[in-house]
Amino acid sequence: MLWTQTLIPTMKETPEGAEIPSHVLMLRAGLIGQVMAGAYTYLPLGLRSLRKAENIVREEMNAAGAVELLMPAISPISLWEQTGRAEAFGDVLIKFTIRRQNRKVRMALGPTHEEVITDLVARHISSYRQLPITLYQIQTKFRNEERPRFGVLRTSEFLMKDAYSFDTSVESLGENYKKMYAAYCRIFERCGLEYLPVEAESGPIGGDVSHEFMVPAENGEDTLLHCAECGYAANQERAEVGARDVAPPDVPLEELKKVDTPGASTIEQVSSFLGCKPQNLIKTLIYTADGKPIAVLARGDHEANEGKIRRAAVAEKLELADPEMIERVTGAPVGFAGPVGTKEKIAILADRDIRQMANSVTGANAADAHLTGVNLGRDFEVDQFADLRNAVDGDPCPRCNSQLAGRHAIEVGHVFKLGTKYSEALSARFLDDREQQHPIVMGCYGIGINRIIAAAIETSHDENGIIWPVALAPYEVLLVPLKVTDEQTMKVATQLHDDLSAAGIDVLLDDRDARAGVKFKDADLIGIPLRVVIGPRGLKQGQLEIKWRWEKEPRMIDRDGAAELVAELIRCKRKESDNSRV
RNA sequence: CGGGGCGUGGCGCAGUCUGGUUAGCGCGCCUGCUUUGGGAGCAGGAAGUCGGAGGUUCGAAUCCUCUCGCCCCGACCA
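Here my numbering is used: the first residue of the first sequence is 109, the next is one more, and so on.
The hints are simulated quantities; they were obtained by calculation from the structure and are not laboratory data. Ideal Cβ positions, reconstructed from N, Cα and C, are used throughout, including at glycine. Some hints here could point you the wrong way.
[As the list claims (entries may be wrong)] Using 30 Å as the maximum straight-line C-alpha spacing, the simulated DSS-like pairs for lysine-lysine come out as follows:
hint, residue 1, residue 2
1, K683, K120
2, K529, K249
3, K203, K529
4, K660, K683
5, K683, K286
6, K425, K385
7, K365, K249
8, K529, K400
9, K629, K681
10, K249, K287
11, K591, K660
[Claimed, not checked] FRET-style restraints, in silico, Cβ to Cβ:
hint, residue 1, residue 2, range
12, Q377, V175, 51 to 61 Å
13, Q209, V442, 24 to 34 Å
14, A355, G192, 31 to 41 Å
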C-alpha cells in the first residue's frame with residue numbers, strides 16, 4: 109500500500125479531550141476518528157489492526173471447535189421480555205419502535221445474544237445427539253453506556269466475539285469451558301498481551317466458575333488483586349481476603365463515651381469532625397437479608413462486599429435497608445447506626461478485621477451522636493465473623509502467606525458458566541437417550557475486539573507513539589524512502605514494496621514528498637514494527653537501514669537480498685507470537 | 001444521575017473578567033523560491049454564521065436566559 113493512496117491523518121497535537129495513551133495515540137496516529145461520545149470511525153489503519161485481532165480470535169475459535177454464524181443486531185423486544193432482561197438491562201438496552209404498514213414493531217439492538225441464540229437452538233436442536241455444540245459470532249454490539257469514556261475502551265457500540273456452548277450436562281459444560289479458557293489464553297498470547305485470567309463473580313446463577321481475562325494497565329477501569337507468590341488472581345468483587353493473625357491490639361482500653369457529632373453522618377465527616385482516622389471507625393450497615401434486618405460491621409476505610417455478605421448471611425436477596433427500616437431498627441436516622449445498643453435486637457455480622465480494632469468510633473444509634481472508645485467483647489458482641497469486604501492492595505493472600513497486590517486492568521474477555529437460565533426461559537430442551545427432557549446447559553464466552561487493540565496500545569507505547577506487536581500491527585513493514593524525487597531511491601523502494609507484498613508481508617510505502625524528520629516522526633507514531641529506510645547515504649554503499657520499532661539503533665543491511673531478509677525477519681516474529689499454539 | 005471543566009478556520013490555543021476598527025497566533029493546507037537523515041526557511045494565499053436560539057445594547061466572541069455538544073471525577077456497569 110502506498111501512503112499517498114490511503115488515508116492516514118496523523119496529528120502533531122493531541123486533540124482536546126483525549127487523555128489516556130490509547131485514546132491519544134489512536135487519534136494522533138490516524139487509527140480512529142470520533143463521531144460522537146462513545147462512537148468512533150475506524151480509519152484504514154485502525155481497521156486493519158481490528159481485523160487482525162478479529163482474525164486471530166476467529167482462527168482460535170475455529171481451532172477450538174466452535175462454529176461461526178452471524179445473528180442480526182436487531183431482535184424483537186419480546187425475546188428480551190421473556191428472560192426478564194429487558195428490565196434487567198434497563199436503559200443500557202437500546203430499544204426502539206418502527207412502523208411497518210399499520211403496525212408498530214418494537215425492537216432492541218443486541219447488547220449480547222444469549223436470547224437470540226438460545227431461541228435459535230431451541231428451534232433446531234432437540235436431541236442429545238446434536239450436542240455438545242459451541243456457536244459464535246463476531247459482531248457489533250450496542251449498549252447505551254451511562255458514560256462512554258476512555259476512547260475506544262468504553263463505547264456505545266463495539267465489536268465483540270460472543271460464543272455460546274450448549275451441553276447435556278454440567279460435566280460436559282466443564283469440558284467446553286476448559287476448551288474456551290485455553291483458546292482465550294492462546295488468543296491473548298498471540299496478540300502479544302500481558303494478560304491475567306482472574307476469578308470473577310459469577311453472579312446469581314449458581315456458585316459456578318467465571319473468569320475474566322484482564323490486561324493490567326494503569327488506566328484500566330477494573331481492579332484486580334494478584335498474588336505474585338502463588339499466582340492467585342481475582343477481580344476486586346470476587347477476591348477473598350486471607351485471614352490475619354487475630355491477636356487483638358495490645359492497648360489500654362478507653363472508656364466508652366458518647367459525643368455529639370451534629371450533622372456528621374458519613375465516615376469522612378465523622379473522622380474529620382472528631383479528628384480521627386477512618387481506620388478507627390466501625391461502619392455499621394443495615395441490610396435486609398430476605399426481608400430480615402441484619403447489621404454488618406466493617407472498618408471505616410473498607411468497602412462492604414454485598415456478594416460476600418449475602419453468602420455469609422445465607423440469603424437469597426440482600427439489599428441495603430431503606431431509611432424507615434434503619435430508623436426502626438437502630439432508633440436513629442441513617443448515618444448514626446452502631447453495634448452498641450440497637451433499638452431492636454438484630455443479628456450482627458462483622459468483617460474479620462473488626463477483631464483487631466480497639467477504642468473505635470461508631471454511631472450511637474441516636475441522631476447527631478457517635479460513641480468513642482468502643483470495644484468488642486466489652487461493649488458489643490458479634491454473632492458471626494466473616495470476610496465481608498472488598499480486598500485491597502496489601503491484604504493477605506487467601507491461598508498462601510504472601511500479600512495481594514491491587515492493580516488496575518482492562519477486561520478483554522470473560523468466560524462464564526450460564527447453566528440453564530436462558531434455556532429454561534426460552535424452552536431450549538433436549539431429549540436424552542432415555543427419552544427424558546432436560547434444559548440445555550449453557551456457557552457464554554465474550555471478547556471485546558476493540559479492547560484488544562486499546563489494551564495493546566495502552567501497554568505498549570513510548571513518548572513517540574505506538575509500539576505494535578507484529579500480530580496486531582496494521583502493517584508489518586514500513587518503507588521510508590527519504591527522497592521520493594530521486595529515481596534510484598524510488599526504484600529500490602517500489603521494488604521492495606512489490607517483492608514484500610508478493611511474499612505475503614503487509615507493507616506500507618511512505619511515498620509522501622516530505623522531509624525525513626516528518627516521516628520518521630510519523631513512523632514512530634503509527635508504530636509499524638519494522639522500519640526500512642531507503643536513503644542516499646546507504647544507497648551509495650548498496651545498503652538499506654532497518655530498525656525494529658522497539659529498538660533504539662538501526663542497522664544496515666545489503667540492498668541485494670533485502671526483500672528476502674526482511675520477509676524472513678517478519679516470518680520469525682510471526683512465529684514467535686504464534687508459539688503459544690501447541 | 002451528582003460534581004467539575006471546555007466549545008473561536010482541519011488540529012492546538014489567545015482574546016471573554018473590563019462590550020467598541022477589517023477576530024488573532026502556532027501547526028496543517030495551496031502557490032513560488034531556497035532547503036533536504038528526526039516535525040525546514042522566506043514570500044504570497046485560501047479557509048471562521050466565535051456550538052445554537054433568544055434577549056440587553058447605538059454596538060456582543062465578550063453581558064443575560066435557555067439550549068446542544070464534548071471531556072474528566074463519582075455513582076452505575078447483564
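Taken at face value, is the distance from the CA of K683 to the CA of K660 at most 30 Å? With Cα atoms ~23 Å apart, K660 and K683 stay inside 30 Å; holds.
| Is it true that Q209 and V442 lie within 24 to 34 Å of each other by Cβ? | Violated - the Cβ-Cβ distance for Q209 and V442, about 54 Å, lies outside 24 to 34 Å.
Would the pair K683 and K120 pass a check requiring their Cα atoms to be no farther apart than 30 Å?
-> Roughly 34 Å between the alpha carbons, so the hint for K683 and K120 is violated.
Tell me if the straight-line CA distance from K683 to K286 falls inside 30 Å. Status holds; Cα separation ~25 Å.
Quick one, are K203 and K529 close enough, alpha carbons at most 30 Å? Holds, at about 23 Å.
Requested in this report: Take the C-alpha atoms of K425 and K385, compute the straight-line distance between them, and say whether it is at most 30 Å.
Outcome: violated, 33 Å
In this structure, is the beta-carbon distance linking Q377 and V175 contained in 51 to 61 Å? holds, 58 Å
Requested in this report: Verify the proposed pairing of K529 with K400, using a straight-line Cα cut of 30 Å.
Outcome: holds, 27 Å
Would you say the C-beta atoms of A355 and G192 sit inside 31 to 41 Å of each other? Because 49 Å falls outside the window, the suggested range is violated.
| Agreement of K365 and K249 with the hint, judged by alpha carbon distance not exceeding 30 Å | violated, 57 Å
* **Holds or violated: K529 to K249, with C-alpha atoms at most 30 Å apart** => Holds, because 21 Å separates the two Cα atoms, which is no more than 30 Å.
For the pair supplied as a hint, K591 and K660, is the alpha-carbon distance within the 30 Å limit?
holds, 23 Å
Against the hints set out earlier in the document, violations occur for numbers 1, 6, 7, 13, 14.
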